[in-house]
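Visitor: Below are the chains, spelled out letter by letter.
Protein chains: 2
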Amino acid sequence: MPSYTPPIRDLQFILHDVLQLSQSGLPGHAELDRDFTEAVLDAAGKLAAEVLAPLNAVGDRQGCRLENGVVRTPDGFREAFEAVKEGGWTAMDCDPEYGGQGMPHTLHAAAGEMFVAANMAFNMYQGLTHGAFSAIHEHGTDDQKALYLPKMVSCDWTGTMNLTEPHCGTDLGLLRTRAEPQDDGSYRITGTKIFISAGDHDMAENVIHLVLAKAPGGGEGTKGISLFIVPKFLVNADGSLGDRNGVGVGNLEEKMGIHGNATCVMNFDGAKGWLLGDLHKGMRAMFTMMNEARLGVGLQGYACAIPAYQAAVEYAKDRLQGRAVTGAKNPAGPADPLIVHPDIRRSLMDQKSFLEGARMLTLWGAQLIDRSRAGDADAESLISLLTPVIKGFLTDKGFETAVLAQQVFGGHGYIEEQGMSQFVRDARITMIYEGANGVQALDLVGRKLAAEGGKPLMALFEMVKSFSREHGENEALAADFIAPLKAASKDLQTAAMFFMERGMKNPDDALAGSYDFMHLFGHAILGFMWARMAVVAQAALDAGEGDAAFLKTKLATARYYMKRQLPMTATHLARISSGAEPVMALEAEAF
Amino acid sequence: MPSYTPPIRDLQFILHDVLQLSQSGLPGHAELDRDFTEAVLDAAGKLAAEVLAPLNAVGDRQGCRLENGVVRTPDGFREAFEAVKEGGWTAMDCDPEYGGQGMPHTLHAAAGEMFVAANMAFNMYQGLTHGAFSAIHEHGTDDQKALYLPKMVSCDWTGTMNLTEPHCGTDLGLLRTRAEPQDDGSYRITGTKIFISAGDHDMAENVIHLVLAKAPGGGEGTKGISLFIVPKFLVNADGSLGDRNGVGVGNLEEKMGIHGNATCVMNFDGAKGWLLGDLHKGMRAMFTMMNEARLGVGLQGYACAIPAYQAAVEYAKDRLQGRAVTGAKNPAGPADPLIVHPDIRRSLMDQKSFLEGARMLTLWGAQLIDRSRAGDADAESLISLLTPVIKGFLTDKGFETAVLAQQVFGGHGYIEEQGMSQFVRDARITMIYEGANGVQALDLVGRKLAAEGGKPLMALFEMVKSFSREHGENEALAADFIAPLKAASKDLQTAAMFFMERGMKNPDDALAGSYDFMHLFGHAILGFMWARMAVVAQAALDAGEGDAAFLKTKLATARYYMKRQLPMTATHLARISSGAEPVMALEAEAF
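Residue numbers (the working numbering), protein chains in the order written: chain H, 418 to 1008; chain V, 418 to 1008.
For the record, the hints were derived by calculation from the structure and aren't laboratory data.
There's no promise every hint is true.
Note that identical chains are pooled: a pair holds if it fits in a single copy or bridges any two copies.
Unchecked claim - Only pairs whose alpha carbons sit at most 30 Å apart, straight line, appear in this in silico DSS-like list of lysine-lysine:
1. Lys907 - Lys980
2. Lys882 - Lys872
3. Lys698 - Lys502
4. Lys640 - Lys872
5. Lys922 - Lys907
6. Lys922 - Lys746
7. Lys969 - Lys640
8. Lys922 - Lys969
9. Lys746 - Lys734
10. Lys502 - Lys882
11. Lys922 - Lys980
12. Lys969 - Lys734
13. Lys980 - Lys903
14. Lys907 - Lys562
15. Lys903 - Lys746
16. Lys562 - Lys872
17. Lys698 - Lys746
18. Lys922 - Lys734
19. Lys734 - Lys640
20. Lys872 - Lys969
21. Lys746 - Lys640
22. Lys980 - Lys746
23. Lys872 - Lys903
24. Lys562 - Lys746
Pulled out of the complex, with its shape left as it was, chain H reads as follows:
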């Protein structure tokens, strides 16, 4: 079974050398020096590698079971969950007023990458709780916050998102779950929700469901939707647990992957619920949770492919098969290791250059969240623009990466015992949940691009331009990094312009190219991330500082991304430029 090695050095490089964490000027960041974050990341990595990773295959094999209405998690999950709680890992970036540690989201994301990489299905129990925490924290009353948040920060109680119903996922305007107001100010919630991750389990005393439902008088479509807090066990005013609420698990779904996480059909049968945020404005409150979840899924997208890559590297070094075409590299052995073969290198470099670029993008995104929490409106606009790209692009490429890693194993990769199949099956869900990637592309082109009159995108182009200007004269960087970055950025601008010009007349012209635009954007932004890392690595090398081998590897990987991945922007642009006509030419009956 694959093991997991925490990438502490690379995380530290990004946090400190590129993102300048402790010099960012953000409140509370000054004390987050290299030693401090190294200690935190080491501890998180140790927990991830030693406790969570060994349970990854166990979770896949055993899955969850529904026993007398209660979900049983796989062997070892309870104990591991206790270890995560005891380490305070569920509280990292939460508000200290409710027991959180108040650390920056950036550090939380860095640690989170390791937890997800080690055991994605397991980490979802904690991850969804964090999202529910945020929604209550932002939209709850003081009483609600006091009642629920301390227990959710500690994960004594976990949280869920209840959106999807059998007949509606993306189109929540169709939902049928009803909320009837009661005299005591509460509501009775009745309906069925499906695909509820971590909907129930045996690792927490209580589960706090956040449920979208329609209360009377709200009108049609999404306008009439409100968000409710529906605990599994009712909570008394003193915080103790009261009666079982009228919500239960109807079924557990048998899925392609993430077997360690319980995906539940939840039946609400007149369950007692309390309004969270404003009546009929539930979508707004839910979006707090959803935006956080989308960034979290983007992180999952690449993180779950990391152990697959690591396993592929090990296998490529160990497995002896064939001889290097340029002459034997292991003449004493019966054959050379796979890693001598150029096509195996191509695969490993594709994986490595994506994963490290994705890590940089995700942590930069996390820093933008820290900035926006500190009141930086531009950062908030930018991360809002980037959210669908991070979710859609990183999950598509993460899945591709897991497939590439599996492929290195040849036939052995197809055997379940080897563990590579699980990585692929698990990764697949990240392209689907929290808004299927087509919906992300729609969000990007249909909403985010035109938001604030296009200001955030212009600001990003300006950022790239000034970066290019600053480093364009540096001979070590100009040809390899700045020139391709400029070309990719230009493709992105041309595509955005195409949408603006054509999309007004025929919105289909924009939407037909939305998926390609998301990928064009993703490639360009990863090119920017790699150029930023290359600048830092080159400067350190020039100054004779840091680990030269690591820095040279970083530069070589950066060059690979620029030369071999960035050319994709041209193809995406060509597709986008062909407009809606080829896409929409057929009648539905012609398919």
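Given the structure of chain H, go ahead and fit chain V onto it with the hints provided.
Guide: Chain V alone, transformed into the frame defined by chain H:
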């Protein structure tokens, strides 16, 4: 569970309108008119849709079981296998001397597509037998042919390929299975083989294993390898079954997919075997089987995605979610069907344009085989060049297509019960077995490109050129089809030239781009296939012949492929042109 609709009309269009089956001048083809092939394909399609397709999910759910050393296939497989045998479907293109029907391989492939699409795991029992038949037919003695072939044509006995061992797959030079010559002219075979598809089962009286092993005196590496016939039950001179041979199933592999096919560890414990073909020249004989198998896997690659596409189309028409951005298309309903959304169209058009192009390529390839069987050396050279492209490109894109189809279902696609997961899991193996796709790319660039001094590739370019010349003046075709085909063909030539110039000095420069070349080749050749179909469709429309709606759909799908898929050649060329340096820059330790 997804059903399956046989694509008879499209098969007929390719066989007759494009490939001119009955006017091809090939021996025995004249009587294969439209009515005849329609009757054959209808019967095959009916069997596929009504008998095989319903067992696809059964096979996935139940898998195979090893009971007291015997493999038990899933419920219903035995009866279905009998139906396939009774229909004579196993004998279609086999030599009439041994009970075959002597039909062209092209028609066999057309029917085969439907059997594979309906139930890939099931069809492998028959498919591998066909490969073993061919190897014995080409390399066996008259006595061997008389003894084994009639029973294999009828699939009373099935066949296998025994190549892989635990420590060697691609690099067969490392294999350890030994063959000790006996006084009676037979050999004793001892060793362990893994990943043996259809290695044992309960649907045939006997299993004829073709086994690669090393006999004394053959020298090192692949030179010392011979091929042996090793039956599960020894066959008496009169064809009756004798004693159980010393070969047994050690284990069944638990795999990601194709659960309905038994993937066996085979233990040869001094099993009696007979040399097939020349001593120490087993690789040559095995390649007869392997080349056929590679084309068969290329067919699997796209065929197994066809029912996934069909299910996605149905779902996109039925599922109501959201409103068309250009105004409601189903105003009376609560929402519009998914298919109104441009990004869903983009996905369905990607699927459709790939699948129909792949079908055309596969059937053209099958016709090349018929031509080469009739003595056409150019056809033989061309199909040899195309084989790694058909195997590698069609399986990669077939998997992508299955993933696209699954994605249309959103969360529902991830639930096993829906059936979409199986298509993805099954499709995944086609990229791996019969030579992982990286090995196909190596075969293409390292062997096929330079074969006969590059003549086959030049002949293909000449074919495209004369086609372009012939239709370049046709206004209805020039801009939409001929121009992009020429551009793609030029990219392919530039890449081939790059390899020739650089590959001599540094073979890594060619091999680092081999995978991209395989895909560049695949896109260009599918562009050629689409241009050929477009020419035929346009001519029929101009002449007022045929089904106008079908022909217009064909043209629109062709345009989509040219505009939205063919631009990929530019990106592949850019990657190839970057050479080996970015790919090989890192030391192995740096990964």
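Visitor: Determine for every hint whether it applies to the structure shown.
Guide: Status of each hint after checking the structure:
{"no.": "1", "hint": "Lys907 - Lys980", "result": "both (16 Å within a copy, 21 Å between copies)"}
{"no.": "2", "hint": "Lys882 - Lys872", "result": "within (15 Å within a copy, 49 Å between copies)"}
{"no.": "3", "hint": "Lys698 - Lys502", "result": "neither (33 Å within a copy, 64 Å between copies)"}
{"no.": "4", "hint": "Lys640 - Lys872", "result": "within (27 Å within a copy, 67 Å between copies)"}
{"no.": "5", "hint": "Lys922 - Lys907", "result": "within (23 Å within a copy, 36 Å between copies)"}
{"no.": "6", "hint": "Lys922 - Lys746", "result": "between (61 Å within a copy, 18 Å between copies)"}
{"no.": "7", "hint": "Lys969 - Lys640", "result": "neither (54 Å within a copy, 43 Å between copies)"}
{"no.": "8", "hint": "Lys922 - Lys969", "result": "between (49 Å within a copy, 26 Å between copies)"}
{"no.": "9", "hint": "Lys746 - Lys734", "result": "within (12 Å within a copy, 56 Å between copies)"}
{"no.": "10", "hint": "Lys502 - Lys882", "result": "neither (45 Å within a copy, 68 Å between copies)"}
{"no.": "11", "hint": "Lys922 - Lys980", "result": "between (36 Å within a copy, 21 Å between copies)"}
{"no.": "12", "hint": "Lys969 - Lys734", "result": "within (21 Å within a copy, 53 Å between copies)"}
{"no.": "13", "hint": "Lys980 - Lys903", "result": "both (13 Å within a copy, 25 Å between copies)"}
{"no.": "14", "hint": "Lys907 - Lys562", "result": "neither (47 Å within a copy, 65 Å between copies)"}
{"no.": "15", "hint": "Lys903 - Lys746", "result": "neither (39 Å within a copy, 42 Å between copies)"}
{"no.": "16", "hint": "Lys562 - Lys872", "result": "neither (35 Å within a copy, 76 Å between copies)"}
{"no.": "17", "hint": "Lys698 - Lys746", "result": "between (65 Å within a copy, 28 Å between copies)"}
{"no.": "18", "hint": "Lys922 - Lys734", "result": "between (55 Å within a copy, 26 Å between copies)"}
{"no.": "19", "hint": "Lys734 - Lys640", "result": "between (57 Å within a copy, 26 Å between copies)"}
{"no.": "20", "hint": "Lys872 - Lys969", "result": "neither (37 Å within a copy, 43 Å between copies)"}
{"no.": "21", "hint": "Lys746 - Lys640", "result": "between (66 Å within a copy, 22 Å between copies)"}
{"no.": "22", "hint": "Lys980 - Lys746", "result": "within (27 Å within a copy, 44 Å between copies)"}
{"no.": "23", "hint": "Lys872 - Lys903", "result": "within (19 Å within a copy, 41 Å between copies)"}
{"no.": "24", "hint": "Lys562 - Lys746", "result": "neither (63 Å within a copy, 44 Å between copies)"}
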